[in-house]
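Undergrad: Residue strings, one per chain:
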Amino acid sequence: MITQIDVRGVLARVGPDWPDRRDLVTRHTGRAVRSSIETELALLSGRTVVVLDFSAVRIIDCSCADEIVAKLVLSSLVSESSLDAFFVIRGLDDDQMDDIDEVLRRQRLVLVAEVGGALRLIGEVADEARLTFEYLANHGTAGAEELAVELARPLDAVRATLDELYLRRVLLRDSGCYRAPTVAA
Amino acid sequence: MSAVIEVPARLDEASFEQVAAGFARSEGAAKVIVDAHACEWISPFGLTGLLAAGQALAERHGSRPLFTVPAERDVAHFWARMGFFTQAAETYEIHGTVPRVRAGESKVLLEVTPVRQAEDVHAVVHHIQEKSAEILTSELGLDAKATMGFGMALSEACQNIVEHAGTSGWVAVHSYSWRKLGKRVVVIAVADAGVGFRQTLEPSQAKRVGERWGDGAALEAAVLQSVSRFRDPGRGQGLAGIRRYLGRWQGKISIRSGTARIAIIPPWDEDTPLIENLAPFPGAQVQLVIPAEAQAAR
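Order-wise, the sequence lines are chains A and B.
Those letters in the first sequence? Residues -5 to 179, by the working numbering.
Those letters in the second sequence? Residues 2 to 299, by the working numbering.
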């Protein structure tokens, strides 16, 4: 399943006194927006790709990004709920993407971002893992053996990379095959 | 006995040291007069710094200090258009004629605005994006992308007050010609008279730093190492975000806190990265400078 969340819509909900606000600024606001998103996600269960759409947001500062994006990713890594969430962000410009990249790196997190229609990883991730992800994002589903051939890397190393990316919630796994989140949930 | 703090003829970040020194000297005085009658020019840093001085004096002496309005009519009128006297009425007992400003007359990027809580930060960012983005791009030639990041940097600078100062503060944004650069700049000034960087970071950093611990080391930890007083590793991102933004657009940040001042200096400016043993002045005073017609550094 894929769930789209219009982050600006969430912002309007948490600040109804100022309905035209488009700026995600301050930790206080970030906490309120995250809390609202968590409430929405609590109604879901099973494997779900959660697309956080920032298209209608004008400004996002680092503090607010930390409260929303980094903390949602962190909670997905330790969650014991029935929801198996894989987060994807979209709708940010290059500078905003760079800022969120740094926010994630600070906590050694990684996240899938849709940029210009393509999927890529932002945050802290090794080059090999990034290349593996990009191959899957471009080619669809593949198993470790196929990837080892295509990427000309030892099978054990590819398996380790795929496991890492799966555990970090940026790849989905079905019957030993892996794929990037938005191909199909 | 009364003490007089003379406001220099040209009050900017550098000459604010005279105000800070006067603040330190006036500690035992029964009454303090902040005399701006001879002031001819003031930067946003000067305006917000004077309000922080007033707040600190009122707290230290238990009564509002006196404030003398600039004698030059045009100067006083500019201060009024910047909203200084509206804010100063809460911290100072004002002496002299305060010019009236008609509604809508002020065309400054952001008047001196109090920052007390997160909602104030929203209001400041909203104002800049709605009312001043056009000025930033069309009149100052600031790249449209730089304008968006401007809101982010402004927000993070203001949040330092909300998150760390333990009191309220002020922000102002204005553009003027920067003599060293030979072109216009946009300047954000944010000031408070709160606890300052050293006291904020002392519980977590003093032991780690050891003998060198002080205002300078606290500023280095916060600005260069993005250290925060919180254990949450996600904290301390605000100043890092500001630095990235300024790095993209050849901007400059300087922060004065306690007895020290730190600056991240772009190629177009000459400054000292860290100055210590300044006259003690409470809180934190931040200045961001973005050159007009700034092009991304990457």
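In short, the hints are calculated from the structure, not lab data.
Take the hints with a grain of salt, since some may be wrong.
[Stated by the list, open to error] One side of the interface only, derived from the structure: several residues of chain B facing chain A at Cβ under 8 angstroms:
(1) Q160
(2) G242
(3) R249
(4) Q251
(5) I276
[As the list claims (entries may be wrong)] Coverage of chain B stretches by chain A, computed from C-beta distances (three or more under 8 angstroms per stretch; other residues unrestricted):
(6) 145 to 153
(7) 182 to 194
Bear in mind that the values here come from a model prediction, so they are computed numbers and not experimental data.
Glycine included, every Cβ here is placed at the ideal spot set by N, Cα and C.
Undergrad: Would the hint on R249/B stand, with a C-beta cut-off of 8 angstroms toward chain A?
TA: The hint holds - R249/B has a Cβ within 8 angstroms of chain A, the shortest such distance being about 7 angstroms.
Undergrad: Using Cβ atoms only, decide whether G242/B comes closer than 8 angstroms to chain A, and label the hint accordingly.
TA: holds (4 angstroms)
Undergrad: Between the segment 182 to 194 of chain B and chain A, are there enough contacts, at least three residues with CB-CB distance under 8 angstroms, for the coverage claim to hold?
TA: Per the Cβ count (0), the hint is violated.
Undergrad: Would the hint on Q251/B stand, with a C-beta cut-off of 8 angstroms toward chain A?
TA: Since chain A brings no Cβ nearer than about 15 angstroms to Q251/B, farther than 8 angstroms, the hint is violated.
Undergrad: Under 8 angstroms is the threshold here; is the Cβ of Q160/B close enough to any Cβ of chain A for the hint to stand?
TA: For Q160/B, the interface hint holds, since the closest Cβ of chain A sits about 6 angstroms away, which is under 8 angstroms.
Undergrad: Using C-beta distances, would you say chain A covers the segment 145 to 153 of chain B, given that this needs three or more residues below 8 angstroms?
TA: holds (count 5)
Undergrad: Just to be careful: measuring from the Cβ of I276/B to every Cβ in chain A, is the smallest value less than 8 angstroms?
TA: violated (27 angstroms)
The structure does not agree with the numbered hints 4, 5 and 7 stated previously, though it agrees with the rest.
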